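Number of protein chains: 4
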Amino acid sequence: MVPMRFSYLGPRGTFTQMALMQVSSDESEHVPAVDVPAALRMVRRGETDFAVVPIENSVEGGVNATIDSLSNGSALRIVGEMLVPITFVLAAPQGTRLEDVKRISTHPHGWAQCQNWIADNLGDVIHVPATSTAAAAAAMAGGATNFDAALCNPLSAEQYGLTVLAEGVADNPDAVTRFITVGPENVPLPERTPSDKTTLQVQLPSDESGALLTMLEQFATRGVNLSRIESRPVGDSLGRYQFSIDCEGHVADERVQAVLIGLHRTCPLVRFFGSYPSAHQIPVKLRPGTADQDFSSARSWVAGLLETKD
Amino acid sequence: MVPMRFSYLGPRGTFTQMALMQVSSDESEHVPAVDVPAALRMVRRGETDFAVVPIENSVEGGVNATIDSLSNGSALRIVGEMLVPITFVLAAPQGTRLEDVKRISTHPHGWAQCQNWIADNLGDVIHVPATSTAAAAAAMAGGATNFDAALCNPLSAEQYGLTVLAEGVADNPDAVTRFITVGPENVPLPERTPSDKTTLQVQLPSDESGALLTMLEQFATRGVNLSRIESRPVGDSLGRYQFSIDCEGHVADERVQAVLIGLHRTCPLVRFFGSYPSAHQIPVKLRPGTADQDFSSARSWVAGLLETKD
Amino acid sequence: MVPMRFSYLGPRGTFTQMALMQVSSDESEHVPAVDVPAALRMVRRGETDFAVVPIENSVEGGVNATIDSLSNGSALRIVGEMLVPITFVLAAPQGTRLEDVKRISTHPHGWAQCQNWIADNLGDVIHVPATSTAAAAAAMAGGATNFDAALCNPLSAEQYGLTVLAEGVADNPDAVTRFITVGPENVPLPERTPSDKTTLQVQLPSDESGALLTMLEQFATRGVNLSRIESRPVGDSLGRYQFSIDCEGHVADERVQAVLIGLHRTCPLVRFFGSYPSAHQIPVKLRPGTADQDFSSARSWVAGLLETKD
Amino acid sequence: MVPMRFSYLGPRGTFTQMALMQVSSDESEHVPAVDVPAALRMVRRGETDFAVVPIENSVEGGVNATIDSLSNGSALRIVGEMLVPITFVLAAPQGTRLEDVKRISTHPHGWAQCQNWIADNLGDVIHVPATSTAAAAAAMAGGATNFDAALCNPLSAEQYGLTVLAEGVADNPDAVTRFITVGPENVPLPERTPSDKTTLQVQLPSDESGALLTMLEQFATRGVNLSRIESRPVGDSLGRYQFSIDCEGHVADERVQAVLIGLHRTCPLVRFFGSYPSAHQIPVKLRPGTADQDFSSARSWVAGLLETKD
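Residue numbers (our numbering), protein chains in the order written: chain A, 1 to 310; chain B, 1 to 310; chain C, 1 to 310; chain D, 1 to 310.
By construction, these hints were calculated from the structure, which means they are not laboratory data. Nothing here was measured: the structure is a model prediction, and the numbers come from that model. Any given hint might turn out to be false.
What the hints assert, rightly or not - Not the full set, but computed from the structure, chain A residues with beta-carbon under 8 Å of chain D: (1) Val-23; (2) Asp-26; (3) Ser-58; (4) Asp-174; (5) Val-176; (6) Ile-229; (7) Arg-232; (8) Pro-233.
Beta carbons are placed, not taken as given, at the ideal position from N, Cα and C, and that holds for glycine.
Looking at chain A on its own, in the form it has when it is part of the complex:
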């Protein structure tokens, strides 16, 4: 079997690579990309088999770069999702003592998520911005002297050979980021499981008050719950929206198909980005009348009405 090639939001040692390690075998090739569009572009061009990118953070919300890069360009398919807890380590070259740390380099998001811990444990410290937490670790390993420690994840501390001064650094210890594995459009659909998710992009009919309500009723009428909804601009003028949506269930489920048919009929644009097992693996709780057999027996009944009875 040929080893898989994965592009991911780099550089080496990012939380994204931690997510990637959950799904890739040892023989896989990991190709860091400078940003999310670049990681997806490699899949679109066939340079990698899959891309791993973040889609949602429990603190920062939806990752617009991912949502928009999926929307713009040729079709892609999400085939899986992974959760990574967002906790940091404070890492430095061997010999550095915690009390010597006066300047910390990290990505502004990382800094924001650890401000209280730093104030409580280190007092008045200067933030030296980096383009990613892993980049801070890389710079430190490369001999940077304009800061004393990097606030990064455990993986990059290890990969860049740094010493961990403090573990479990985080203001919100439950912070988590959701990552997705994205393949080309012709990748086979993952099999149905009891706890699937389906990701969609839906544009609303313009100039219609209540259009969002009407769109959501397409889901409600078939008993399909949403687990994520993000509004994104269509881009041509203010006040025109499309929505990035995760709903419960698999496109092989009748109720999800009925939702998709309803959306396709009534919305100017619907795109399907895949059905895949949810990371939390909690089985979807079906409402009465929404199982596959409810749909098929209803269809049989209607078909019978159309037949001549002789």
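Put chains B, C and D on the given structure of chain A with help from the hints.
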């Protein structure tokens, strides 16, 4: 071709027979029935081919006897509807003068619908109740002396050989009754037209607040309008309802099928009583995304998502 | 204290009088009326203090004569409701034996509700229609010879001095009719209790698809359940409806007031027929956010937003 | 009169300062802030009277930094909004020729919004990232030599004394950003106009499927349209959302108050961020039954029902 046999709500000369005359050929046999259940029973037993019965009156509302007789018993199919304007004539034996009329026999509904006309034109007149307006005409023709004139429809005045003293008697000249032609379950469905109606019986899930709202959303989500809704008791306890519904469209329409599937999935009982051309012949105005081709292209799209792309 | 005068749907001994006896003291005057409109007319004219009339039957559904007589004419107020189980006795002059009964007189509704019992217990028996079950008893007491027994309620058997041949005659032993006590518009509102009902008449905006759905959402948004809904024609043309509605709660409840305000704003006609304790006395189960204090604290918050903060 | 102090998203010359110039008088003091939270913090601390910050971009969508900074921290009030078209100039030191430009510095968003123009007009050019478009202009004015031109707005070209090589640089000439003026909580509410907007933050009841639908129905039932909706994480776990919403109308409008009351009753958190005239000045189109007089006459009617009529 064998002449058709029609049972109808009798006696001879009722508004129902006027409706029947709109659809029957000269060779048809007209069989009066004592009440609506009897007229439908003849169809169920194969004694007649079709029954004509009233279903809705613009003044009195739904005709419960018809709605309930359709619901209870073996399945029947509505194959057409007819509108009959409800205006009366004042009819009497030859020689009677309008100014001599002091006692009028008619059905209480007929009396109720002409009270103002009578007060304005005849002053203080006594009502002698009859079991139908045609029965009053029949009694008059049979020599009844306890009243001076019958308030009946033009047909029964003619059939019973009475002289018309006044025409167009009605407080509300726009009053109209809708009648239906009902056949056995195995009668062929009428062909689709641009202005069809479908008649249903739908029982709500019990003990669920908002169940009526949820049921109506099954129609709204597919852009199907209701033209009649009547609540009827399920019969086992107060507060348990079923609904008799006319909606726009034909069961051969995809949007109507989608409604039926949704109702079948979520309601404990759905019965289909037929799709047939509406009497007013005003084409149904489709909302965007609800035409057959919208459904079929949406289904094709979803089917494509399920295929392997290799 | 002056004794109350009650008009009711007569004649003496009807189920309606049984309902009346649940609420009237011994000194009350009971005035039978020939029909429901007449009973209500007496209240409108001040000839009686209250009327007792049926409004809903678990088998036959809403009583249109009552619903329409409330709607047409000057305003009235419902101040209470009573439930009466609908079971019959077979009554005859002393000496009649059950096996001699070959012809039974009763109202057609009574006949319909006992058909199976009669077939099972008496076999082939002829129905002699009467205008009410009590009228059958009265005729029997008056010496009528065209039938052998009256199918009536226990009260009229007693009042007309008949012997009971069989008790508990009913196909559906749980059949029940709901009656209401109706006073003039200026009667004081009954006090709030934990299990009130409010009765309304609501006309829909014409020519608006989804108007019923929109109207029901006025209730749903405030968490107010419906316990009865009947469609009635507006009367000017087919397809124009108004609804007779019972909802849970009292007009003194904030959530019911909010519903009424919403209906008044958006419907061409809303009439209030009273708030009164429900006969079943089951406390209304409030949904979160719909108690009076939820409304008043929300209003205070909004009022605070409008104040200048200096 | 004391001159007003405005903090804004700096540095000098940003699009934000262009928005600020639309509302500030010549005597106003403009205080640049390093980021949006800092600009708002100055208002919270009383260091400035108002802050001007971006809230929504027609291409990039909602500005999360602004939405989240409004939500977190003490209450603030939006008192106005301004639109600024997003078009750029290519600016350089005097003497630079367009054909010499091989390296351009600008913010990544600016670069993204002009990529096609640059490819068409300049061919293969290198992007040198800057922290804002104004920062690129400032660096160029400060003598930076690692790029040849700054892609910035006209204001910063002027402020930093640069020569404009090309005007109207933009891939989408209709791109526009919406900015808001934010004051402290005790600032007086702007007066009502025919085209107001109200900004809210609403948290959904957790673990309730259909919660978003239910929340939107609070708006629909009162005929209040949304002009913007953004989902933001509550922050404690994935799948828990709050929404940042702009709706039509002013908190002094009865229909908006009714929405606020409904939201306050049913949602765990509702925050009001102000009512202010919309920048586009198109009057809100009222739906029937939603004007102030509709609410007040409905309330009077309900109040009358509660009065004793004697």
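Status of the hints after comparison with the structure:
1. Val-23: violated (18 Å)
2. Asp-26: Status violated, d = 29 Å.
3. Ser-58: holds (5 Å)
4. Asp-174: holds (6 Å)
5. Val-176: At about 6 Å, which falls below the 8 Å cut-off, the nearest Cβ of chain D leaves the hint on Val-176(A) intact, so it holds.
6. Ile-229: This interface hint holds because 5 Å falls under the 8 Å limit.
7. Arg-232: This hint holds: Arg-232(A) lies near chain D, its Cβ roughly 5 Å from the closest one there, short of 8 Å.
8. Pro-233: holds (5 Å)
When each numbered hint is compared with the structure, violations occur for hints 1, 2.
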